[in-house]
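> Sequence lines, in order, name chains A and B. So for the first sequence, the numbering used here puts the first residue at 1; every next one is plus one. So for the second sequence, the numbering used here puts the first residue at 1; every next one is plus one.
Note that these hints are calculated values from the structure, not bench results. Hints may contain errors.
Claimed, not checked - So, partial list: chain B residues that the calculated Cβ filter (under 8 angstroms) puts toward chain A:
#1 Glu52
#2 Pro83
#3 Arg87
#4 Leu225
#5 Tyr229
#6 Val236
As the list claims (entries may be wrong) - Cβ-Cβ distance ranges computed for the label pairs, FRET-style:
#7 B:Pro61 / A:Gly136: 29 to 35 angstroms
#8 A:Ile113 / B:Gly239: 42 to 48 angstroms
#9 A:Glu138 / B:Gly239: 57 to 63 angstroms
#10 B:Glu91 / A:Lys162: 50 to 56 angstroms
Unchecked claim - Every beta carbon over 12 angstroms from chain B, so not counted as near; a handful from chain A, in silico:
#11 Tyr36
#12 Lys171
#13 Leu177
What you are looking at is a predicted structure, and each value in this text was computed from that prediction instead of being measured. We put the CB at the ideal spot given by N, CA and C, even for glycine.
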Amino acid sequence: MSAYFENRAIVVPGDILYEGRIRAGNNTYRMGGRVYATHIGLVEYGRGVVSVIALEAGYMPMVGDIVIGYVVDIDVGQWIVDINAPMNAILKVPDAMEVPFTPELVMTDFLDIGDTIVAKVVDLDRRRTPILSILGGELGKVDEGLIVEMTPSKVPRLIGKKGSMVSMILKETGCKLVIGENGRILIQCADREDEELIVNIIRKIEREAHTTGLTNRVHEYIMRMRGVRNE
Amino acid sequence: MSEEKWRRVDGRAWNELRPIKIESGVLPNADGSAYIEMGRNKIIVAVYGPREMHPKHLAKPDMAVLRCRYHMSPFSTHPRRSPGPSRRDTEIGMVMRYALEPAIFLERFPRATIDVYAEVLQADGGTRCASITAAAVALVDAGIPMRDLVAACAAGKIEGHIILDLNDHEDKYGEADVPVAYMPRLDRVTLLQMDGVLHPDELRRCIELAIEGCQHIYELQREALKRKYEEVVEEVKEGE
Numbered sequence: 001m002s003a004y005f006e007n008r009a010i011v012v013p014g015d016i017l018y019e020g021r022i023r024a025g026n027n028t029y030r031m032g033g034r035v036y037a038t039h040i041g042l043v044e045y046g047r048g049v050v051s052v053i054a055l056e057a058g059y060m061p062m063v064g065d066i067v068i069g070y071v072v073d074i075d076v077g078q079w080i081v082d083i084n085a086p087m088n089a090i091l092k093v094p095d096a097m098e099v100p101f102t103p104e105l106v107m108t109d110f111l112d113i114g115d116t117i118v119a120k121v122v123d124l125d126r127r128r129t130p131i132l133s134i135l136g137g138e139l140g141k142v143d144e145g146l147i148v149e150m151t152p153s154k155v156p157r158l159i160g161k162k163g164s165m166v167s168m169i170l171k172e173t174g175c176k177l178v179i180g181e182n183g184r185i186l187i188q189c190a191d192r193e194d195e196e197l198i199v200n201i202i203r204k205i206e207r208e209a210h211t212t213g214l215t216n217r218v219h220e221y222i223m224r225m226r227g228v229r230n231e
Numbered sequence: 001m002s003e004e005k006w007r008r009v010d011g012r013a014w015n016e017l018r019p020i021k022i023e024s025g026v027l028p029n030a031d032g033s034a035y036i037e038m039g040r041n042k043i044i045v046a047v048y049g050p051r052e053m054h055p056k057h058l059a060k061p062d063m064a065v066l067r068c069r070y071h072m073s074p075f076s077t078h079p080r081r082s083p084g085p086s087r088r089d090t091e092i093g094m095v096m097r098y099a100l101e102p103a104i105f106l107e108r109f110p111r112a113t114i115d116v117y118a119e120v121l122q123a124d125g126g127t128r129c130a131s132i133t134a135a136a137v138a139l140v141d142a143g144i145p146m147r148d149l150v151a152a153c154a155a156g157k158i159e160g161h162i163i164l165d166l167n168d169h170e171d172k173y174g175e176a177d178v179p180v181a182y183m184p185r186l187d188r189v190t191l192l193q194m195d196g197v198l199h200p201d202e203l204r205r206c207i208e209l210a211i212e213g214c215q216h217i218y219e220l221q222r223e224a225l226k227r228k229y230e231e232v233v234e235e236v237k238e239g240e
């Protein structure tokens with residue numbers, strides 16, 4: 001019964017994290033009484049559980065996630081949406097508009113191939129295909145703004161503890177952000193320079209996700225960039 | 001001549017690897033990527049996925065499909081080679097797939113595909129092993145769940161001497177070549193080929209020697225994967 005690494009050390013797939021009775025948490029697997037890592041990341045020994053905070057990981061859809069997707073195809077009564085996951089998602093007509101589906105309905109008038117949507121994963125069907133909905137407050141077709149992609153596993157870093165990071169960024173820049181759990185972020189600013197600043201902030205957060213004191217450094221960074229611009 | 005004094009064409013000792021440099025995350029547009037230099041071999045590997053499989057009929061309902069493309073650039077050899085995929089390219093793509101499949105949790109992504117593209121920019125013998133080594137790093141960089149890394153290297157025989165990590169000359173003029181891919185933490189061999197003639201005892205010694213080489217390469221893979229993040233940590237410390 002022993003731990004093999006210090007807490008928050010960087011581990012790679014195949015590293016033995018623990019030997020003995022413990023629950024295998026996120027991004028780990030158990031074999032022959034040992035717990036191994038499956039992703040590169042920071043190991044975390046919790047109470048009765050060992051897990052890895054992945055530094056590189058793809059997006060796996062879960063019910064309740066807000067995602068940003070691109071319409072890639074249209075079927076009878078449904079749109080096929082790319083959500084940066086291993087499988088495309090489906091948006092059915094009843095989940096997209098309040099009016100009932102009729103043969104007269106021209107689906108492309110509402111959403112066409114190439115359109116961008118902010119959607120919510122409401123269900124996974126029997127084949128684990130994500131079912132989306134765009135009914136509700138912040139959801140729907142996106143008409144303007146800038147989309148940047150980041151590693152989906154680092155999205156929690158952009159949000160911060162209880163939203164501390166994102167609320168700080170919003171307060172300092174006055175922009176609107178829609179953060180998709182699938183790693184796509186929609187930025188809507190009044191001014192082009194602010195959009196570029198936020199892109200740089202996101203790149204910085206992505207690069208330094210595994211370090212501590214990130215919120216303070218990002219705040220300093222915003223102040224410094226502001227200073228440069230005002231000179 | 002004693003085994004200690006005998007030197008190979010490039011001056012290496014019998015159990016010495018070529019100098020190896022591995023770098024992860026070199027291609028911004030790929031989901032994961034790696035670059036390897038193993039002696040004069042230069043190979044770049046890109047990984048895409050897991051993503052929707054096209055054409056759809058190739059998808060498996062219970063697991064992801066791993067597709068590997070190995071390709072040698074026309075300028076990678078002397079004389080220039082034909083740019084199209086050859087019979088050999090197809091075969092090496094297949095053995096790369098066989099070597100990497102046991103390390104990946106393919107069953108977690110039904111109906112999807114993971115695509116690995118290995119492009120040999122410069123070749124000097126042992127490119128299939130170097131491609132597998134780099135592909136494993138690229139797969140981790142793509143965030144694909146893995147049981148273990150896969151390290152690969154060859155052993156063989158020339159002028160009666162058992163040697164590690166053959167270069168092009170030793171591969172062509174030697175008696176035998178044994179490429180081995182190996183998962184170091186799980187202690188599993190995932191690729192074993194043999195070209196040439198060896199006594200069973202010699203084959204055993206070749207495999208043991210190649211596994212030793214793989215263990216050394218494994219350490220370099222780990223360093224390459226961690227380096228990207230450790231550099232940032234140091235940079236941040238300096239800034240404070």
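> Under the constraints set out in the numbered hints, which ones does this structure not fulfil?
2, 3, 9, 11
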